Each structure stands twice: as C-alpha cells, then as structure tokens.
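Asker: Same order as they appear, the protein sequences are chains A and B.
Residue 193 in my numbering sits at position 112 of the first sequence, and the numbers go up by one each step.
Residue 211 in my numbering sits at position 130 of the second sequence, and the numbers go up by one each step.
Hints are supplied without guarantee of correctness; some may be wrong.
Which copy is meant is left open, because identical chains are indistinguishable; a pair holds if it fits in one copy or across any two.
With a straight-line Cα cutoff of 16 Å, these simulated EDC-like cross-link-like pairs (lysine to aspartate or glutamate) come out [as the list claims (entries may be wrong)]:
{"#": "1", "residue 1": "Lys208", "residue 2": "Glu257"}
{"#": "2", "residue 1": "Lys393", "residue 2": "Glu261"}
{"#": "3", "residue 1": "Lys181", "residue 2": "Glu224"}
{"#": "4", "residue 1": "Lys413", "residue 2": "Glu268"}
{"#": "5", "residue 1": "Lys208", "residue 2": "Asp439"}
{"#": "6", "residue 1": "Lys330", "residue 2": "Glu316"}
{"#": "7", "residue 1": "Lys334", "residue 2": "Asp302"}
{"#": "8", "residue 1": "Lys388", "residue 2": "Glu268"}
{"#": "9", "residue 1": "Lys388", "residue 2": "Asp302"}
Keep in mind the hints are simulated off the structure, nothing from the lab.
Note that the structure is predicted; figures quoted are calculated from it, not measured.
For reference, the chains in residue letters:
There are 2 protein chains.
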Amino acid sequence: MRLSQNFTHTLKDAPADEVALNAQLLIRAGYVYKVMAGVYAYTPLGLRVLEKIKQIVREEMNAISSQELIMSSLQRKETWEGTGRWDDETVDVWFKSELKDGTPVGFGWSHEEAIIEMMKQYIQSYKDLPASVYQFQTKLRNEVRAKSGIMRGREFIMKDMYSMHATAEDCDAYYEKAIEAYKRIYERLGIGNSTFVTFASGGAFTKFSHEFQTICPAGEDTLYVNDAQTVAVNEEVLDDAASELGIDKTSLKPVVSAEVGNIFKFGTEKSEKMGFMYTGEDGQRHGVYLASYGVGITRVMGVIVEKFADEKGIIWPSSVAPATVYLVQIGKESVSIADELYEELQSKGIEVIYNDRDERPGAKFADSELMGIPYRITVSDRLLEEQKFEFTPRATGVTELLTHEALLAKLN
Amino acid sequence: MRLSQNFTHTLKDAPADEVALNAQLLIRAGYVYKVMAGVYAYTPLGLRVLEKIKQIVREEMNAISSQELIMSSLQRKETWEGTGRWDDETVDVWFKSELKDGTPVGFGWSHEEAIIEMMKQYIQSYKDLPASVYQFQTKLRNEVRAKSGIMRGREFIMKDMYSMHATAEDCDAYYEKAIEAYKRIYERLGIGNSTFVTFASGGAFTKFSHEFQTICPAGEDTLYVNDAQTVAVNEEVLDDAASELGIDKTSLKPVVSAEVGNIFKFGTEKSEKMGFMYTGEDGQRHGVYLASYGVGITRVMGVIVEKFADEKGIIWPSSVAPATVYLVQIGKESVSIADELYEELQSKGIEVIYNDRDERPGAKFADSELMGIPYRITVSDRLLEEQKFEFTPRATGVTELLTHEALLAKLN
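Only chain A is shown next, with the shape it has when bound in the complex (with noise of 0.2 Å):
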C-alpha cells in the first residue's frame, strides 16, 4: 500500500471523549474511526488487522471440523421467549424495535437461541449429529457504559461457534478439542504465553466454565495464578474453584487479565427448553448436548494493542500486523531505488506500507512507530554510495545498516 493512495492519516490526537487507550492509540493510528461512544468504524488499515484475526480464528475453527455460516442480527421475540432471555429484566443489552405491523424484532446481541431454532430445521437424528457451526457476527449490545475502546463495545465483532453432540462424552471430547484449537489461536496471534484457560462462572448450566484470559494492565478482571502457570481461576470463582480442584487458594496470586475467549457447555438442558431434540438409535427422543464457543475479535485486537503498546504507540505482532514492512525514503536520489524495493518486497509476498508521502523523515519515522508494524526500512541518499539500508524493528527499536542482501534474509 502507497500511503499516497490511502485516504486516513495518523492524528495528533484522539476525540477528548475517549478514554481507552487502545481507541486512542488505534483513532490516531488511522486503524479506527469512532462513530459514538462503544461504536467504532474500521479504516482499510483497521480491517486488515481484523481480517488477519477472522482469519487465524477461521483456519483453527475449520481444523476442528467447525461449518462457517452467517445468521442475522435481526431476531424474531418468539425464538428467545422459550428461554425467558427476550425479557429486559433478564437480558438488559437488547436494542429492540419493530416491524411497520407492530411485530417486535430484537438486534442479535448473541446468537444461542438463534441458531438452536435453526439447527432444529435439520438435525432430526442420531445421523445428523455431531455438527459444529460458527459465525463472525457483527453483536449489538446496548451497554450503559461503553468506556473500553474496542474491548467492550455498543457494536462489535464476534467469532462465536455452537457444537452439538448426541452423548455428553462426546461433547466433552470436542470441548477438549476445542480448548487446544483456542490455545493455538492466541499463540498465532502472539499472546498465547500470557493466555490462561481460567475457570469461571458457569452460568444457568453448568459449575464453571471456562474464560481464556490475557494478562493485560487494562483488563477488567482478576486471576489467580499458581506460581507454575498451570491452574488460572477467575477471582469470581476463587473458593469453589480451589475447593474443586483441591488447591489451596492462598497459592495462587492475583493478576490483571482480559478475558479474550469464553467457552461452556450448556449439556441438555438449554436444548430441552427450546425443544431441540433429537431421536435416538433407541427410537425415543433426546435433548441435543450443546456448548458454545466465543471469541471476541474486535475485543483481541483492542487488548493486543493494550498489551503491547509502548509510549510511541502500538506494537502489532507480525501475525496480525497490517503490513510486515513500514518503507521510508529520504532524499532525491534515492527514489527509485525505493520503489524498486516495495515492488520487489511485495512480489515476494512480503506486504509493505511505503509512505511515498512529501513529509519530513521524523513525521514519517514517527508514524512507522505509532502505526506499529514490525520493520521499518529506510532509504536514504546518503546511503546510497555504500548501497546500504536501515533496517528497525519495532519492538526493538535499534537500527542495523543492512545490505540487500541481509535485509531480504531478515524478513525470510
């Protein structure tokens, strides 16, 4: 990408009504664009991040057997009414509204009950199951509060899968499968050494369930962690959890964390409720085992930047980053020998932001730093007769004088 054609460019400052560090730093980035308070726009530069997500999340989902679809934001009250969860005593994120008849439609704020009364359309039997579907899905949830950025908005995007099972064994072998494709999701997505499978509250359902959480300053939660990082509970479900387990609470320390993925199992009784049944090889009809998958996209991507970011701005993980290379050129002399390099770099599928612009070096510098890609590559005249590059890497910030040669085997 020449930034020359890109229409956003960094900010000196972010809305004064913003108060979340990772929509600051993502506002003056140019990833984000805010519309209200918890609603935010992405720019191309913010949906290629988003994408990259969606997309590591998609390839883990699709290992472990999963089916992508897509359901709609717009819910009929008869779906959710047979759980109680139409009603705003009990669910109080609903934006709801009407049909010009007066027929109420609420906006998906989950998609549960939704894709139950679907599913009820094709599994019938034994044969029909297991079946595992997932979604990104765009979730409204009229929140009071929206002061988090993209960690917890009005309007966000969620990656959240359903698996459907015959027997509780077998649902709980998925449900394994499923923990060890979330932990491979967040290790590609470069935080899986500060990610804990946590216990937390179960809900209507079940004892626990389980969180994946993300140490990160600006999370909303606590855990506790023994020393050898191997239980993690949620403060929530401190004394149960460690009566559960065995352990003694007082060896596990607090932490702060994000929680970046939920999971539970729902066993029958959800599917009972909604009348999603199925019938055996016995002949007689049973409740559907169902567990449910979440992981918040939006939200991994506000925390990842929380994480990360030092006082010049975000720092993406090459994973997720929008582009590897962050190309500045200095000077007359050396234009085309730039050029050259984006088109070599890109031919060799390495993906380049080149900031063509006519801007001083330090704006340029500045904003490689802000924007957080990985490597920052500097042409400049004056090495141009030792045909010499500048090569910084973000996290790092210390410059190497590189050949072409050496520079390629860097990004290799």
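Given chain A's structure and the hints, the job is docking chain B onto it.
Answerer: Quick look at chain B alone, frame taken from chain A:
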C-alpha cells in the same frame, strides 16, 4: 466438502409462507434458512456463494483503486439530520432504538451520510483527493412488505462504494471507470449478456442515475431497450431519457428486469449540506464532488437463482457455484475409486461436493440438480470394468461416459 459432514440437507418443501421462487429453491437446496419474512441466514453452502460474489466485486473495486473498510450499523441521529434523512417521513425504512440514557440510534439502512461524516475527518485539502472507499455491509431496512425472498429483504448485504473528487471532470472520469468495472462484475457473475446500463431516476441531485438491470422474469422493473441493445431506459424516466438522447421512444421495446446495481452522482450539493469541504489550490473552501455505487450482493444471488432456474432447481454459473463438481458414488465396489477422485480433484483446486451419504442414487441425482452444481460426476460399480465415469453438466442434463483422462480435460 463431504456431505456426510455437512449439517444441511435438502428439504422437500419450503416454508408455506415463502412465495418467492429464489427463496423457495435456496431454502429447499440448503443455502439459506428463513428467520422471518425478509430475513435469512446463510448456511455454509450459501455463504460460499455469497463469498464468491463478494470476491468478484472486491477484485473489481480494488482494480479501480477503491479501498475496503467497514462502517458501523449503529447510526447517530445528528449524522442524518443535516440532510433531513433522519426524519421517518423522508426515509420510511429506518429501524430505530435508543441507548439506555435515551439517546436515539438508528440502524444503517444506507451509509451515505455516515461515510461523509467520517471522511470529513480525513479529507481536508485538494491533496487528499480523489478518494474512493467501499464496504460490504449488512443493511437493515424496515420494508412494509418482504415477499421477494433474498431479492428485497429487511436485512441484506450490499457493497456500497463512494468516490470523492475535487472537480466534476475527475468525478465524471471515475464514474465512467466504475461503469466499466461494473460491466466486468456482471460478466464474471455470468449475467453480463443480459445486464444493461440503464438510464434511471436521478433523485434529488442529478437528472439521471444509472442502474444495472438484468433481464429476469421475477424483476420488479420494466426497461425499454432498442433493437441493437445499446440503449436501455427505465420506464420511470422513459419520456425524459428519450428526449435527452434524441431517440424515438417507440423504437424501444419493454422487457421485465431486476435491478442489480445503481450508481449516481451527487455533484457537490450533498457535501455542502453536510459541510464536507476541502481547501483548494486557491486557498478557498469548496464542496467535495461525490458519487455512490451500489451492488446488492444478496440480491444478485437471488436474481441469478431466478434467472437460470429450471423445473429441477437452481443452475449456478461456475463463477459463483459453491463447488464445480457434485460427486455421486453408486454401489459397494467403487467407493475407493470415488474417494480417490474426490482427493485428486480437490488437490487440483477443483471444489467438489461429495455426496457420500447413505442415500438412493435417485435422491442424490435429484439433490445435485436442486443444488445446481455445474457438473455431476457419477462413479458406479457397473462402470468399473470399462473404467469410465458419468459426466453430466447441470445446464444440459446430457450425460457422457468419459475416461479418467477425458474427465479431467473437461474440468480444466
């Protein structure tokens, strides 16, 4: 895709309240699920078709240097007040709701005002122009009636593009480029021959807009086309356009058609109303020239179904079919041959839907016709000895017996 691992199956009947042929067929074939009138979910098969349509549109928009982004569904009242389009009297398809503190919000039925509002932040000077951006967005429209299946829904996916220019000439030149890009899109979608660039009503800002209209019996419009098929005019502007073009309107013949795209110029009037101004080389503030370019993605999918369907079901053009081959295996001896062919075709990048379910051959054949996959290949015990395969194009229904080599040649 092995159908044994796919949760949808074909249905004998569409819902009784579904009157549109496109939705009836798409529901029966397992591409869409009806949530309520005008609201559909897309199954894994349906999502494949949607993504193919989107990718064709994406490539053509990128080819004219437009940048993809994604706006929000939630809309601020203030954004739409400047043009008077918050008012339900002016725009009668708004879904609206409110935040907890009573702030009204709307759900995006269009994003024209929202895009302008956002671009005001980035476009300041003539140096920032031209710019072109697009998105694939879920639009929500509170239609009184929704009886056209996915051709006119209350929730649907649209590609909307917006181009911004410093001068009318630059806008006109880009508009012409966009018309060519649109022609390539419909060509690639398999409806190029029957899609016309059509003079249509211009709305508030210009005398005419241009629609792309596809001849289709389920269409809601009537076009008037000359014998040479070089001029097409929407009935609504027949007199005006004939007089503008200096042609005798009786030389144009009526034909029923469906709108698959609509593009129009705003001049600077809309920008000026919203304060979308740039500083010119002259140091003065000027209104930005604006044009907008829409393609109804889900609508096009519905039009394609309506246009090509026969009494047996859907007939997809290859470019948007969820797979190229529908593979049927018959008998007990030839399973491994079919498995090998499935792997071989997939390894060559040919997408295959492999019906490996325990079903009667007749049911498999009927499903392959209902689903509209371009080529059916049958591997059966009785063809084992002569080492032949049945090859049946969906469009002709004529079966040939082919050797392995001849079969692969057909698919290349």
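Asker: If you check each hint against the structure, which ones fail?
Answerer: Going through the list in order, the structure violates hints 1, 2, 4 and respects the others.
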